[in-house]
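> Starting from the known structure of chain A, fit chain B onto it as the hints suggest.
2 protein chains.
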Amino acid sequence: MRNIDVGEVKNASLSQLKMLAETLREEIFRTVSVCGGHLSSNLGAVELTIALHRVFDFPRDKVVFDVGHQCYTHKLLSGRARLFHTLRKEGGLSGFPKREESEYDCYGTGHAGTAISAALGIAKARDLHKETCIVIAVVGDGSFQNGLIYEALNSLSALSTRILIILNDNGMSIAPTQGGAHEVLEEIKAQKGDLELFARYGIRYLGPVNGNDLDELIPALQEAKEELRSGCVLLHAVTRKGLGYPFSESAPMETHGISPHPAAREYSAALGEELCAIAERDSRVVAVTAAMTDSLGLRTFFKKFPDRAFDVGICEEHATVLAAGLAAGGMRPYYAVYSTFLQRSFDEIIHDICLQKLPVTFCVDRAGVTGEDGETHQGVFDLSYLSMIPNLAIVAPKNIAEFRKILQKSVSWETPLAIRYPRTGEEGACGEVDFGKFEVLQGTMSDIIILAAGERCIRIANSVYARAVRAGICFRLVNVRFIKPLDIGFLASMREKYVVTLEDNVLAGGFGESVARALAGSGKQVYSFGYPDAFIPHGASSDLMKKYGLSEEEIYARIEELYARG
Amino acid sequence: MRNIDVGEVKNASLSQLKMLAETLREEIFRTVSVCGGHLSSNLGAVELTIALHRVFDFPRDKVVFDVGHQCYTHKLLSGRARLFHTLRKEGGLSGFPKREESEYDCYGTGHAGTAISAALGIAKARDLHKETCIVIAVVGDGSFQNGLIYEALNSLSALSTRILIILNDNGMSIAPTQGGAHEVLEEIKAQKGDLELFARYGIRYLGPVNGNDLDELIPALQEAKEELRSGCVLLHAVTRKGLGYPFSESAPMETHGISPHPAAREYSAALGEELCAIAERDSRVVAVTAAMTDSLGLRTFFKKFPDRAFDVGICEEHATVLAAGLAAGGMRPYYAVYSTFLQRSFDEIIHDICLQKLPVTFCVDRAGVTGEDGETHQGVFDLSYLSMIPNLAIVAPKNIAEFRKILQKSVSWETPLAIRYPRTGEEGACGEVDFGKFEVLQGTMSDIIILAAGERCIRIANSVYARAVRAGICFRLVNVRFIKPLDIGFLASMREKYVVTLEDNVLAGGFGESVARALAGSGKQVYSFGYPDAFIPHGASSDLMKKYGLSEEEIYARIEELYARG
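Top line first, the protein sequences correspond to chains A and B. Residues 1 to 566 (my numbering) are what the first sequence spells out, left to right. Residues 1 to 566 (my numbering) are what the second sequence spells out, left to right.
Next up, chain A with everything else stripped away, as it sits in the complex (with noise of 0.2 angstroms):
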C-alpha cells in the first residue's frame, strides 16, 4: 500500500482515523493472508496503536511492545507501508519490532515479558541525559503470567523512573489466559478500576478503556500523558484479538499465528496422538505445557486426561520446575515447547532437572530453523544448551514413525530426555530403537562416512547420496537419533577416515564438535556441516538451511572432494 505519512495521524479527524483503523485492518488480513503472520494479535491492536501514534511523537517517545507480535500497525504508520507487502519474507520487513529495521522500534522483542524491564532501561538512560521523552511498553494480558513482568514491576518502584504501561487485554495469550494474574484483571475489570494491586507496585492505573474505541482511547492516553508527569501509569486497555475479521474474532487461537503453508504432517500431531496412547497405558504420565497446548500437539490430551495435563501459561520455567517436582513425586512428566522458548529454562534444566536426574521428557517442536519468525524464534542452539548438561539424553528422531517409538520407550528409560524435531516431516518408518545407538541407513564402508542428525538433515543426506551413487562414490550413511549420549562403540569401530556431520543448529557447542572431540587423537577428519556463528533472519526455512550452511550442493561438494583425496 502507499505509505503513510505521519503527519496524517496527527491532523486526521475521528471519522478519518477510524476509515484509516479499516484500511490498515485490511492491508493486515491481505498481507498475513499471503505471507503468514500473526493475525488476531494484530487485528486486535489496530486502534491502540492509532491513538498511540496520535497522542505520542515517536520516534521521540519511544514504544516497546511485549512480545512484538502486534506491531503491524505501528510498522504501517511509522514510513513502513509501502513494504509491508514484504512481510516476513527475506530481506523484506520482519514481524517483529527490529532496532536496525527503523529509529521507530527502539527496541526488538520476540519471548514474552520483556517489555516493561526493557521500558524501565530506556526510561532511566532518559533520565540519566536529561532528556524528557515518553517511554512506553504495550504488554498483552498473556505477559502477566510472566515472572519477568513481576521482577520488573517489583523493581519499579526502586527506580523512581516514569514509564507508561499500556495493560492490552484481550484475555488471551495464545490459548485463553488462565491463573491467579488473569483473576485479578478479570477481578478489576468488573469493578472498573480496582487501583489498588498496581498502587501497590507505585503505578497509577488507569481504565479500564474499550481499546478498539478511538472515542475513548485518545481522551485516556491523553489523560495518561498528563498522569505521567508525576510517575509511572497503566492504563488497561480492553481489546478484542482478531477484532474485524469474523473467523478471527470467533478463532482467535487458530489465527494467532498463520502460516502460509501448505500443511505437512506435523510432529506435534503424533506428540497428542502417542502421548495419549502411552498415558492410557502408565498412569504416571503427565503432560506440562506453556501457553501452547494447541500448537504442540495436545489438544486431546488436555481434553482426556484434564487431572494429568497442565498449562501453566507464559511460564516456561515454572514450567520446568512444576515437571521436575512431579518427577520428584514419582510421575513422568512431558513437558512440550518450542526450541527457541525452552532457552528460558536453562538454568532449571541444569538445576532441577538433570542435577537431580529427574526423568522429565523435554519435547523440544521446532527444532532447527523455522523460518518467517525469524531471528527470534530459530530453533538452532537447542543442541548446543543441552548436550553441555550433564545426565540429560538428545534424541534427533529420523521421522515421525522413531519419534513415536521413542516417545513409546522414553516412559522407561528413567532419564533426563530431550526429544528435538522440527514441525513438519514424514510419517516414515522405523525399526527397533535402542538407547545411546547409532542406525546405518544405507551403504558400505569407504573412506568417507555421514552422520546426520534429525529428519531434516537425513533427508538432504539422502539427496546428496543417491547423486553419489549416480556417481560412482560410495559411503555410509548414519542416522545419529542420539546426539548425547554419542554412541561411542560405532564411533570407535569406524573405520572410515573422513566422517561428515550434518546438523539443523549451530555450529558452535553443536553434535560436531561432540563427534570431532570424541574422535580427538584418532586421525580421523571431521567436516561438521550446520549454521555459523550468527543470527539467521526471516525468510522461508529450506532456503535459510542451503544459505545458512545445510546446503546439498556444498555437503556433495565436500564428498566428492574427500573422495578424490582418498
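None of these hints come from the bench; they were simulated from the model. Take these hints with a grain of salt, some might be off.
Since copy identity is lost for identical chains, a pair holds within one copy or between any two.
To be verified - Derived pair list, reagent style DSSO-like, types lysine-lysine, alpha-carbon separation capped at 30 angstroms:
(1) K130 with K303
(2) K546 with K357
(3) K409 with K225
(4) K547 with K357
(5) K524 with K497
(6) K89 with K357
(7) K130 with K304
What follows is chain B alone, placed relative to chain A:
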C-alpha cells in the same frame, strides 16, 4: 555432635526444645567457623525448622527449602548430626538439600525461587497417587522478588492442590530486600495480617508470627496444618537473620556466607575500583546487580554513583533486560553476577543483548570451580553457554591487572562482552590488550603449544612449563585472553603439530572445542583439558580442579608423551 533421634523433637517439652535450639545454634556456629558456609540464614531458621519437625512427619511429609541455604537445622534433625562436621567437605554433607543424601531431602535447591513450583509438582503427584502427605515450601522474602515465585503463585489456583508456604521473612536476601514486593510485606506486617494479597492467589494467609519463638510457632504451624485441609496456606514467619550470634545479627550481610579460606586478592575488589574510575570519566557507565552488591565488589560504586547503580533484587533476568534497555538508551551497563546465576538470563542474553548487539558488559564472577557450595554453584558452564551466542565477545584475563585493562578498554569496544574470572587471583602486570588477540607468554616454537584460558589455567600451565624446561622440553605457552572471537590469525600462523587447550570449564561446548573446530582439516591434533560431562560436587576448589580434569600431573604427562612422539 551426637545424632539426634527423630522422636526427640516430637516428645520434648517446650523448654527442652528451646535448649535444643541453643545446642543446634552452637553446633552450626562452630561448624561454619571451621568449614565455612551460610551462617546468618541458618541461625535465623533454627526455631522454624525445629517447629516444622515437631508438627509435621518427615520424610512422609515433604519440605522444599528455597535456595536451601537455611537447611542446616533440618540436616541436624534428620539423622545427619553425627556427620555435620563433614559439612561442605569433599565426600561430606552438602551445604544444600540433596535428594541423594537423605530421604528427608525431597528436593534439591541452590538457586532462588524454585520451591513453590517444585512443591506444587510434588503435591500434584501426591494427589494423582491418591496419597495424603503434606507438602511444604519454605521461602525467604528475598525470593519473593524473583519472577519464578509469581509464575508459581499465578498457576497455583489453576492447579487446585494444597501446599503450605512458609514465608521466612527476615527483611533481607543477601542484601536488604528492596522493591514493591518488600513494601507489600512490610505493609502486611504493620497491619498484622492483610489477607487480601494472597487471597487473590487462592491462598489463606496466616500470621505474621515471630519465627524465632517456639511458643508462637508451634501453635501457628498446627493451625496451618488444620487449614491445609481446605486449601493452600501461607504462614508468614518473621525471623531475625543471624539470631544468637551478635556479630551476625548486627552484620547479617557480612555473615551470609562465611569462607573458611584466608582472604586473597579478590577480582571483585578490582571490579569496584576500576568501575568507579571508569564511571568518573564516562558518564554513560552504569552498574547493575541482582542482590549481590557487596560480594561483587560494588559497594563503593553504589555509594559514589547512586543514580547510576541498580540493584534489582534476586532477578537475574530482569537485571539483564534492564541492562539491555539502558544500553538501548545510550548507556554502557556493567552487569556483575556470579557465573552460576547468569544461567538464569540465558535467553535474555541471546534475545535482548546479543541479537541487538547492545554494548552490555557481563562481569562474570566466581567462574570455574567454586568449591564448597558444590554442584549448584560451580561456574563451569559459562564458557559453553556463552560461546555459542553470536555477537558476544568473551574474555578471561590472565591476572587482575589484565582484568583492569580489559575493563578500561571495554567501554570503547561497542559490543556485548562477557569477562569471566575466578573469585581470587594475583594482581600481576600486563601490557597492551588488543581486541581478539592472543598473547604468547613464553617459549619458542616447537611441536607443542599450550593455549590456556584464564588465570587459573595459566598458573597450572606455568608450572607445567617450568617442569618441562627442566626436563629439556620446549613449547610455547599462550594466554588465550579472548575465548571469543578466537584469534584466527594466530591459530593459522601456528606451526606446532600438537595443540593443548586448558579451560576451567566443562569440555562440552567449551574453548577446546572451538579451537578444534577452527583447526579442523589443518592436520593439527588438539588435546583439551577441562571438566568432564558430570556435575562437580562440593570440596576444596584446588582439589576438585585436579580431580576433575585440570591436573598439572596429567597435563605434564601429556606434554611429555607428545614430545616423545615428536
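> For each hint, tell me whether it holds in the structure or not.
Hints, one by one, checked against the model:
1. K130 with K303: Cα proximity of K130 and K303: across copies only (21 angstroms, versus 55 angstroms in one copy).
2. K546 with K357: Between. Shortest inter-copy distance 25 angstroms satisfies the 30 angstroms Cα cut-off; intra-copy 37 angstroms does not.
3. K409 with K225: neither (59 angstroms within a copy, 41 angstroms between copies)
4. K547 with K357: Result: close only across copies, 22 angstroms inter versus 39 angstroms intra.
5. K524 with K497: Answer is both; intra-copy 5 angstroms and inter-copy 15 angstroms each pass.
6. K89 with K357: Only across copies: K89 and K357 sit 23 angstroms apart there, 43 angstroms inside one copy, limit 30 angstroms.
7. K130 with K304: Between copies only: 19 angstroms across chains, 58 angstroms inside a chain, cut-off 30 angstroms.
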